[in-house]
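Chains as they are written, first to last, in numbering that gives the first Met the number 0: chain A, 0 to 280; chain B, 0 to 264.
Please note that the accuracy of each hint is not assured.
Capping the alpha-carbon separation at 25 Å, the derived lysine to any residue pairs in SDA-like fashion look like this [stated by the list, open to error]:
hint	chain 1	residue 1	chain 2	residue 2
1	A	79	B	224
2	B	236	A	218
3	A	54	B	241
4	A	164	B	224
5	A	16	B	215
6	A	194	A	126
7	B	236	A	135
8	B	180	A	174
9	B	236	A	117
10	B	236	A	257
11	B	236	A	144
12	B	236	A	13
13	A	16	B	216
14	A	164	B	218
15	B	236	A	262
16	B	236	A	136
17	A	164	B	235
18	A	54	B	212
19	B	236	A	126
20	B	149	A	115
21	B	241	A	120
22	B	236	A	115
23	B	180	A	95
24	A	54	B	210
25	A	79	B	230
26	B	241	A	119
27	A	79	B	235
28	B	177	A	140
29	A	257	A	234
30	A	16	A	218
31	B	148	A	115
Read the hints as simulated data drawn from the structure, not as lab findings.
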Amino acid sequence: MREPLIRFTDVNFIYAKAHGGEGLAALKDVNLDVFEGEFVAVLGHNGSGKSTLAKHVNALLTPTSGQVIVDGLDTVDQEKVWEIRQKVGMVFQNPDNQLVATTVEEDVAFGPENLGVPSLEIQSRVTSSLEAVGMLSYRLHSPHQLSGGQKQRVAIAGVISMLPKCIVLDEPTAMLDPNGRSEVMSTIHSLNREKGITVLHITHHMDEVIGADRVIVMDEGRIVLQGTPREVFSQVELLRSLHLDVPQVTDLAERLRKRGFEIPQGTLTVNEMVMLLCPSD
Amino acid sequence: MRMLRSVTIGQHIPGDSLIHRLDPRTKILSSIVLIVLLFVVKGFIGYGLVALGIALVVRASNIPLRFVLRGVRPLMVILVFTLTLHLFMTDGRIIFQIWFLKVTWEGLIRGLMMGTRLLLLIIGTSMLTLTTSPMQLTDGIETLLRPGKKIGIPAHELAMMMTIALRFIPTLLEETEKIMKAQMARGADFQSGGITQRAKSLIPLLVPLFVNAFRRADDLAIAMEARGYRGGEGRTKLRELKFQRSDMMALGFVLAFALVVGAFF
Numbered sequence: 000m001r002e003p004l005i006r007f008t009d010v011n012f013i014y015a016k017a018h019g020g021e022g023l024a025a026l027k028d029v030n031l032d033v034f035e036g037e038f039v040a041v042l043g044h045n046g047s048g049k050s051t052l053a054k055h056v057n058a059l060l061t062p063t064s065g066q067v068i069v070d071g072l073d074t075v076d077q078e079k080v081w082e083i084r085q086k087v088g089m090v091f092q093n094p095d096n097q098l099v100a101t102t103v104e105e106d107v108a109f110g111p112e113n114l115g116v117p118s119l120e121i122q123s124r125v126t127s128s129l130e131a132v133g134m135l136s137y138r139l140h141s142p143h144q145l146s147g148g149q150k151q152r153v154a155i156a157g158v159i160s161m162l163p164k165c166i167v168l169d170e171p172t173a174m175l176d177p178n179g180r181s182e183v184m185s186t187i188h189s190l191n192r193e194k195g196i197t198v199l200h201i202t203h204h205m206d207e208v209i210g211a212d213r214v215i216v217m218d219e220g221r222i223v224l225q226g227t228p229r230e231v232f233s234q235v236e237l238l239r240s241l242h243l244d245v246p247q248v249t250d251l252a253e254r255l256r257k258r259g260f261e262i263p264q265g266t267l268t269v270n271e272m273v274m275l276l277c278p279s280d
Numbered sequence: 000m001r002m003l004r005s006v007t008i009g010q011h012i013p014g015d016s017l018i019h020r021l022d023p024r025t026k027i028l029s030s031i032v033l034i035v036l037l038f039v040v041k042g043f044i045g046y047g048l049v050a051l052g053i054a055l056v057v058r059a060s061n062i063p064l065r066f067v068l069r070g071v072r073p074l075m076v077i078l079v080f081t082l083t084l085h086l087f088m089t090d091g092r093i094i095f096q097i098w099f100l101k102v103t104w105e106g107l108i109r110g111l112m113m114g115t116r117l118l119l120l121i122i123g124t125s126m127l128t129l130t131t132s133p134m135q136l137t138d139g140i141e142t143l144l145r146p147g148k149k150i151g152i153p154a155h156e157l158a159m160m161m162t163i164a165l166r167f168i169p170t171l172l173e174e175t176e177k178i179m180k181a182q183m184a185r186g187a188d189f190q191s192g193g194i195t196q197r198a199k200s201l202i203p204l205l206v207p208l209f210v211n212a213f214r215r216a217d218d219l220a221i222a223m224e225a226r227g228y229r230g231g232e233g234r235t236k237l238r239e240l241k242f243q244r245s246d247m248m249a250l251g252f253v254l255a256f257a258l259v260v261g262a263f264f
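With the rest of the complex left out, here is chain B (with noise of 0.2 Å):
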C-alpha cells in the first residue's frame, strides 16, 4: 500500500545548471542523436570517448551520480540478462567450459559490448528526464511535432493528452489505494492465492476504477470546454520556448561529437 504512494511521475531533479536551462526540444535532440551514435559506434575506443561525453553532461548538470545510477537499478535485471546470453551464446575461441556451456572470447567481448551499450543508453536518455519537467518535455515534443501536422499527426492532441495524464496519474493512484482500503474493509482479499485466485480479486477494484475514471474524463470534459477549451488552433502558451544561442551551440557541438565518434570509431 505504501509502495503506491511512494511512486513518482518522471523523475525530474529541479535545478539551475547549463543543462537544465537548455530548451527541451535541444534536449529531445540530442537524446535522439545519442541513441543513433550508440547504433553506429563499433568498437571500444568509441563506447569510451561517449562515455566520456555523457560523463561530461552528467558533471555539468550537477545531478548527484546516485539519482543518475537510480535509474540504471530497474534495468540491471535485463543488463545482466544481455551480458549472459552474449557470453554463452557466441561461437569462437573457448575460454572455458563447463559442460554444454562454453564462454567464448568472442562472447565475452560482445556481450560487455551490448552491456556498454545498454547502460549508455540508458545513463543518456535519463539525463533528457532528469534535467526537464515533464511539462517542458510535452512542450517540446509538442512543438518537435508540429511541423508534422500535414502528414496527420496530431502534436496538440498528443500533448494535451500526456499532460492529463500526467495530471490524473497521482489523482488515480490515491484512488486506487481509497477503493482497495474500502474492499478490505469488506473483506476483500488483494495478497494471497495463486495467480487466478489474485487477478480475479482485482476485478472489486478494476470496476470501479474504470467508472470513477470515466465519469471523471466527462467532468473533465466539461470543465475544459467552460474554460474555452478548443483544441490546438490559435492557443498561447504561459511560457513560449525559446531557442537560445546557448541551444545552438550545445546542439552544434553534440552533432559535430555525434559525425567525429561515428565516423571514426
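Extracted from the complex, chain A is given alone in its bound form (with noise of 0.2 Å):
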C-alpha cells in the first residue's frame, strides 16, 4: 500500500481561550489520508473545522492531541517546520493580504528566497511558475494593478516556486467575482493534471468541488462523509441537513426523480443531465 503524502491520526484541535476556561474544539478525532496527486476537495460550512484543518497540513496550527504526518515528517518538530512548509504551499482567502513584495515578480520570488535559493535559480523559477499560473506578461507590475483572480494567481505562483508537492488552497475564491473563480480554479486544476501537484482544496462552493478526486464533508470540527463528488452528492437529503447546498443539476436530478423520473443518484453535470434526458446516440 502506497504511503500517503498527508496523514492525520485522530487529530484533536482546540483553540485556547484568552482567559483560561474551556476553549473551542475547532478539530475532533479527525482521520485523513491525502495521497500524492490526488485533488481533494473539503467542503463545510462556516465554522466546521475546515480552515483550522488547512492551518494543520503545514504546521501554522498544531494539533492539540493526535499526529499530523507530512511526507513522513511530524508538523509538531519544530525543527522540520520549514522543511514542510516548503514541501506544502499554502494559499489564503483574501488575495490583498498576502502577497508582500511591489511587483508580481519579486513577489514570487519572496518564498525561494526564504529558502536561500541562489538567485540564477529564483529567476528561472519565477518564470516557470508565472508561466504556469498564465501572469507571466504580467511580471513587472504592482499587485493593485491586478484583478482579484490575477492576485490570486499570482498568490499560486508564488507557492508554486517553492517546489511543493501539496498546496493547500483556504477558500481561495471566496472573495472573487464568478470569472476570477473561474480562472483560479482552471488553474488549480491545471496545476494538479500537468504538473501532479497534490491539492487540497477548501471552499464552501458546490460547483468547485465536482472535478475533485475525492470530497471531505466537515461538520463541527468532524469528517461527516467522504468519498467521490458523486457518492457525496448522492446524500442530497444529509448535505441539507448540514446547511450544505447540492450542485443545481444534482438537485434537478433528485427532484426529477421525486416526480417519478429514472434518473440515477449524484447525477453532477450539465452534460450528463442532456444525455440522461434526451438520450440520443
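With the hints as a guide, bring both chains together as one complex.
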C-alpha cells in the first residue's frame, strides 16, 4: 500500500481561550489520508473546522492531541517546520493580504528567497511559475494593478515557486467574482493535472467540488462524509441537514426523481443530465 | 476623492540610461556626498559648479526636465519663505527701506545662497528617486546598513518594513476611498464644518481603517510564515546587487569632484 503524503491520525485541536476556561474544539478525532497527486476538496459551512484543518497541514497550527504527518515529517517537530512549509504551500482567502512585494516577480521570488535558493535559480523558477499560472506578461506589474483573480493566481505562483508537493488552498475563491473564480479553478486543476501537484481545496462552493477526486465534508470539527463527488452528492438529504447546498444539476435530478423520472443519484454535470433526458445515439 | 487615486508612490521614472543602470548604493552614497558638499560650499562659484555637475547628471539620465522640476513645486513655499526671511532679517547695508522692513545687500546675497542651496539639494536628491525604483532603493539601503548589524541596526527588518509599507500604501488608499464612500452613503460629511468638526468626522473613517489594517497585518504575517519567512538570516535575493566598474568610476568621480569643489570654493 502506498504511503500517504499527508496523514491525520486522531487529530483534535482546541483553540485556547484568552482567559483560561474551556477552549473551542475546532477539530474532533479527524482521521484523513491524502495521497500524492490527488485533488481533494474539503466542504463545510462556516465554523466547520475546515480552515483549521488546512492550517494543520503546514504546521501553522499543531494538534492538541493526535498526529499530523506530512511526507514522513511530524508537524510537531520544530526543526522540520520549514521543510514542511516548503513541501506544503498555502494560498489564503484574501488576495490582498498575502502578497508581500511591490512587483509580481518580486512577490513570486519571496518564497524561494526565504529558502536561500541561489539568484539564478530563483529567476528561472519565477519565470516558470508565472508561466504555469498564465501571468508571465504581468511580471513587472504591481499587485494593486491586478484583478482579484489575477492576484490569486500570483499568490499560487508564489507558492509553486517553492516547488511544493502539495498546495493547500483555503477558500481561495471566496472573495472573487465569477470570472476570477473560474480563472483560479482552472489554474488549480491544470497544476494538478500537468505538474502532478497534490491539491487540498477548501471551499463552500459546491460547483468547485465537482472536478475533485475526493470530497470531504466537515461539520462541527468532524469529518462526516467522504467519497467521490458522485457518492457525496447522492446524499442530498444529509447535505441539506448540514446546511450545505448541492450543485444545481444534482438538485434538479433529485426533484425529477421525486416526480418519478428515472434518474440515477449523484448526477453532477449538465452534460450528463442532457444525455439522460434526451438520449440520442 | 480623485486626488487619492492620483497619488503615486515615489516618483520613479523607468529608463535605461547610464544613471538608471548604476547600482543603487552608488546613487545613495553620491546623494549623501552631495548633501555634505552643499553645506560645505560657500559662494556662488561653488554653487555654480555643483549646479553644473547636477545638470550633467540630469542630462545623462535622459529624464525630461519637467519631471525634474515637478519635484521642486511642492517645496516652492519653503523656498520663497527662506528667501524672504533672509531678505528682511539680515543686518547690513540697506538697499531700500519700507517703514520698518529693510532689505539689505547682505540679506539679498544670503537669501539667494540659501535658496540656491535648497534648490540644488532638492534637484540633486530627486535624481536618486527618479532613477531608482523603490525596490532597488530598499535593497540598496539594506546592503549599505548591513555592516551596522553588529551595533544593532536591524538592516533587513527596516528594508522589509519599507517594502511592505510601499506594497500596502495603494491598498490602504483604495480602502480609505471605499470606506469614505460607504460612510458618505450613510450621510457622513467630510467636507464642511470647522476644523474640530472635520477632525471629528474623520473618526468613522479612521476606526474601520485601523481595524482593517491590523487584520491585514495579521493575515500577512501568517501568509509570510507559511511561505517560509523567518527573518533575514540565510535569505537570498532575486537579483543580487552588483558593484560594477561603472559604479567605481562614478563614485570616484563624485568624490573627486566633491573634494575639489569643497576644498577650493
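Evaluated hints:
1. For the given pair, residue 79/A sits about 14 Å from residue 224/B by alpha-carbon distance, which is consistent with the 25 Å threshold.
2. Proximity of residue 236/B to residue 218/A is assessed by CA-CA distance (about 43 Å); at most 25 Å being required, the pair is judged violated.
3. Taking the CA atoms of residue 54/A and residue 241/B, the gap is about 39 Å. The hint is violated against a cut of 25 Å.
4. At most 25 Å may separate the alpha-carbon atoms for a hinted pair to count; residue 164/A and residue 224/B meet this at roughly 18 Å.
5. For the hint pairing residue 16/A with residue 215/B, the CA-to-CA distance comes to about 22 Å; that is within 25 Å, so the pair holds.
6. Between residue 194/A and residue 126/A, the direct Cα distance comes to roughly 15 Å. Compliance with the 25 Å bound is thereby established for this hinted pair.
7. This hinted pair checks out: residue 236/B and residue 135/A have alpha carbons roughly 19 Å apart, not beyond 25 Å.
8. Under the criterion of a C-alpha separation no larger than 25 Å, the hint pairing residue 180/B with residue 174/A is consistent with the structure, at around 20 Å.
9. The hinted pair formed by residue 236/B and residue 117/A meets the criterion: a straight-line CA distance of about 8 Å does not exceed 25 Å.
10. Proposed proximity of residue 236/B and residue 257/A is contradicted: the alpha carbons are some 62 Å apart, above 25 Å.
11. The suggested pairing of residue 236/B with residue 144/A holds, with an alpha-carbon distance near 24 Å, which does not exceed 25 Å.
12. The suggested pairing of residue 236/B with residue 13/A is violated, with an alpha-carbon distance near 39 Å, which exceeds 25 Å.
13. The suggested pairing of residue 16/A with residue 216/B holds, with an alpha-carbon distance near 22 Å, which does not exceed 25 Å.
14. Pair hint residue 164/A plus residue 218/B holds up; C-alpha atoms about 23 Å apart against a cutoff of 25 Å.
15. A threshold of 25 Å between alpha carbons decides the hint, and for residue 236/B with residue 262/A the separation of about 58 Å lies outside it, so the pair is violated.
16. Straight-line distance between C-alpha atoms of residue 236/B and residue 136/A comes to about 21 Å, which keeps the hinted pair within the 25 Å bound.
17. For a cut-off of 25 Å, the pair hint linking residue 164/A to residue 235/B stands: about 22 Å separates their Cα positions.
18. With a CA separation close to 22 Å, the supplied pair residue 54/A and residue 212/B stays within the 25 Å bound.
19. Our distance criterion of 25 Å between C-alpha atoms is met by residue 236/B and residue 126/A, whose separation comes to about 15 Å.
20. Taken as a hint, the residue 149/B and residue 115/A pair is honoured in the structure, with Cα atoms around 22 Å apart against an allowance of 25 Å.
21. Of the pairs offered as hints, the one joining residue 241/B and residue 120/A holds, with about 17 Å between alpha carbons and a cut-off of 25 Å not exceeded.
22. For the proposed pair residue 236/B and residue 115/A, the alpha carbon gap of about 8 Å is at most 25 Å, so the pair holds.
23. For the suggested pair residue 180/B and residue 95/A, the alpha carbons sit about 20 Å apart, so the restraint of at most 25 Å is met.
24. The hinted pair formed by residue 54/A and residue 210/B meets the criterion: a straight-line CA distance of about 23 Å does not exceed 25 Å.
25. Proximity of residue 79/A to residue 230/B is assessed by CA-CA distance (about 17 Å); at most 25 Å being required, the pair is judged to hold.
26. Taking the CA atoms of residue 241/B and residue 119/A, the gap is near 14 Å; set against the 25 Å cutoff, the hint holds.
27. Proximity of residue 79/A to residue 235/B is assessed by CA-CA distance (about 20 Å); at most 25 Å being required, the pair is judged to hold.
28. Pair hint residue 177/B plus residue 140/A holds up; C-alpha atoms about 23 Å apart against a cutoff of 25 Å.
29. Pair hint residue 257/A plus residue 234/A holds up; C-alpha atoms about 14 Å apart against a cutoff of 25 Å.
30. Of the supplied pair hints, the one linking residue 16/A and residue 218/A holds, its CA atoms being roughly 21 Å apart against a limit of 25 Å.
31. Of the supplied pair hints, the one linking residue 148/B and residue 115/A holds, its CA atoms being roughly 20 Å apart against a limit of 25 Å.
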